[in-house]
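Student: With the hints in hand, could you dock these two chains into one complex?
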Amino acid sequence: MTPDFAQSYVYVVALAIVGVGFVFATLGISRLLQLRHPYAEKLSPYECGVEPLIGDSWSPFSVRYYIYALLFVIFDVEAVFVYPWALIFRSLGKTGFAEMMIFIAVLLFGLLYAWAKGALEWQ
Amino acid sequence: MSWGLSFVIHLIAALVIGLAVPALSALVFPFAVRRLSGFMSDRLGPNRVGPAGFFQPIADFLKLLLKEDVAPLKADRRLFRLAPAIAFITPVLAVSVIPFSKGFTIANLNVGLVFIVAFSSFTVLGILLAGWASHNKYSLLGGLRSVAQMVSYEIPMILNIIIIAMLVGSLSLNDVVGAQGKIWFIAVQPLAFLVFIVAGMAELNRTPFDLPEAESELVAGYLTEYSGMRFGFFYGLVEWGNASIWALTGATLFLGGWRGPFAGNPGWLILKVLVLAFAVIWFFATFPRLQVDQLMNFAWKVLIPLSLVNLGVTGLLIILLPNSFLPPVAAFSWASVITIILLMGPVLRKALLRKRLKLNPGTELGTSQS
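Protein sequences, first through last, are from chains A and V.
Quick note, the first sequence lines up with residues 263 to 385 if you use this note's numbering.
Quick note, the second sequence lines up with residues 48 to 417 if you use this note's numbering.
Extracted from the complex, chain V is given alone in its bound form (with noise of 0.2 Å):
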């Protein structure tokens, strides 16, 4: 075959399946949340539209197609038709590095890490520039918090990836998935993975994170002034799409990408991602919202401050033992989330109770009623 013949199947290629994640996720996940949501809290969800409601997301599809899409007449029109395809370029884009199986990546870069993480900055300028263009309160304030969340958690994700990258030696997932054929990541390093999956649900506005979308405070956040298929996009496509990303990440970085029993193919890589999205349908079932604060304060004040830790002692074993530094990197990843978990307990309970104190002075430890 011509050299010129196999750059187009590539090309076709690339863009199909670069189209076909994000549009994949925006069909799949919102359908999976809202029915296994429902079933968790022992409701139906939809179960209408075909068997089961399969085909509610075709439904709904058309449905935000053949809906109006206002623009503000006050808006800055431009930016705000702008915004959605700003943000779309992140999940469309990162898709492209990621290995899906032996020798088959769209783009084969060496800077892979850097580049998922510097394109993930798409969305936030996406978000920012629709909360600005809407020319409403709530949109403004809505991007703003997002923004300010996602740019806070971008800070301990950076870091883990970096971790990570360390391990490796290589800033390319290939290399990485490449480095886990004895052992996977998340073996090694758990308090990494920990930290990558509770700033991942930060940086996809997911629950427990979810304030850009607190309808009680902001209605719907940067969405409010959106609908029709603008709305669409950015819910639908660009969460989500984002959401798929992110999976394909962890999946690639911690938990070993395509590789598994038998033959390491993409459906290997497949289930992860569909583990990790259960996961943060879980959470979104179980967990309540974070007020801003607390939410700001966890980032700057616990997780960064143990991601340089832990990049810190990661890098020390590096250097000390330089052909067998993965066991002692483990036994240090394992005994923190171990002591972790066991101080978060005590340490939470005691921060509860001094806010009782606070808020009732008169009240005697423990017998406050709440």
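Isolated chain A (complex conformation) (with noise of 0.2 Å):
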């Protein structure tokens, strides 16, 4: 652990604090200098000039997108067994590179099934 790297996370953790207070600050001037003339019709949710007609937007629907966010989380946490194996499967040989080749022919052929019964089709 060198002093420069811990140096440079303090530089991403004043950078994060800095991004947002440039955020907030920056509201806060608009705030500040513009004019505020709020009224109900202008405070009620944009749907093309009319009055909201039917139901809350807030009530649960059915999100066609709920099947890919499985499919996501089970590739991206594949992703991050493939970032550390990236590193050293060179020192690993063969046998490493076969195993991994396993695993990702496993999620391949698990995309492939999901495809197969229509997870990937739009309705």
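Among the clues, some could well be false.
Cut-off 20 Å, straight-line C-alpha distance, at most; resulting in silico cross-link-like pairs (SDA-like, lysine to any residue) [said to hold, decoys possible]: (1) Lys356/A to Phe372/V; (2) Lys348/V to Ala367/A; (3) Lys149/V to Gly297/V.
Simulated restraints on C-beta separations [unchecked claim]: (4) Gly372/A to Trp50/V: 47 to 57 Å; (5) Ile336/A to Ala398/V: 21 to 31 Å; (6) Ala302/A to Asn94/V: 33 to 43 Å; (7) Ala331/A to Arg336/V: 15 to 25 Å; (8) Ala234/V to Glu303/A: 50 to 60 Å; (9) Arg293/A to Phe325/V: 31 to 41 Å; (10) Leu374/A to Leu113/V: 47 to 57 Å; (11) Leu294/A to Gly307/V: 41 to 51 Å; (12) Ala367/A to Val394/V: 20 to 30 Å; (13) Ser371/V to Gly358/A: 13 to 23 Å; (14) Lys405/V to Leu294/A: 52 to 62 Å; (15) Ala367/A to Ala99/V: 49 to 59 Å; (16) Leu71/V to Ala302/A: 32 to 42 Å; (17) Leu374/A to Ala99/V: 51 to 61 Å.
These are computed hints drawn from the structure, not numbers from a lab.
None of these values were measured; they are calculated from a predicted model.
Where a beta carbon is used, it is the ideal one built from N, C-alpha and C, also for glycine.
Tutor: Structure follows, in structure tokens:
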């Protein structure tokens, strides 16, 4: 653990704080400069100029994307495993490579299964 | 110079660069888009404010600053206000691992590539929050659509970043640039570069993947309820800041980073970023928009299997030829790119014909008029 290493993360944390602070500072300045005339119609949700008619937008409805979200989680976790492997796979040799390929093949098979089952079809 | 003083100077430089990259992108790129796409479609574009319209971005910024930013009464106002700040973390932080020239990186992390991918998720989070908190049907649908798209295309993106990490044997972006002394990785892995460009367009919600902003379907997607400077943050600093991050990452991974003829310096990196940004604008002026199903299918049925195969073959070649793997990897990658380009025309034509037959079953092949 070199001091340079710790220092790098200090920069990162400082940037994150200043970045978020920058957003709120700019919005604060904007708040001071702007004229505000709120009224009921302006504060209602925008629906092409008519009053919101049917239902509430926070009501539960079927999201077609949730299967993609599930698949994403699987592949994202895969990526987490592949990152460290990609760094050292040369020293692991043929065995390490074959093991990772089996892992990826299983995932690919899973994707093909989801595909065959129609999870990737849009209705 | 004492350690403390140099630390403070570095810190200030880091903060200035971290904020300057998204801020400059927000000023330069929207203006460049309007002027260049105006030029490409034979219009004028904004040319009134200042010489050739160069002060237009400043005028736009001042206008947004002075506008009332409305938060709908029914919205979850706390999340509504938090969303731009969370989305803004991505462009600010991802800059910090980009090497601008030899030994000039804000934070020289040994996990730079993972860092960029990890923090690019903050924009997804911000967009999801914005869509949800607005309490508006268009915002919610647009936000969910954005998130589904960004999440889907993140995987090919990650896989291609891993391919580069395999070629280099390191996740530090300094090592990535260091490994490109003799040859840029675009010449070694054009297939990965191609997927990187396509996935990047989708991650950035740019044409031809700009469905979240399909105004005829969703008004302005997750941005519908945003106005004033909050809109400015989302539209300018976050979206175009992320475009800059994407271009910086692409230039570093595939185009040799700050390397160039004469001395390597940040100027070359900026030039490469501008070339990539020009490509984004060119796509914007050229391509029509895809449908949602086409968009999702393309990520899951084409890009992800393609990237996995590319990853496997590249790894195999590196394992088999540990000392001279660059020529065979390049040969494989170029061969696949050329095959894809040659196959694209016939495959697309066949798919189009099948679709037409499905729509009007009576028509003969080749006689259908569209």
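Student: Hint by hint, which ones does this structure get wrong, listed from lowest number up?
Tutor: No hint contradicted; all consistent.
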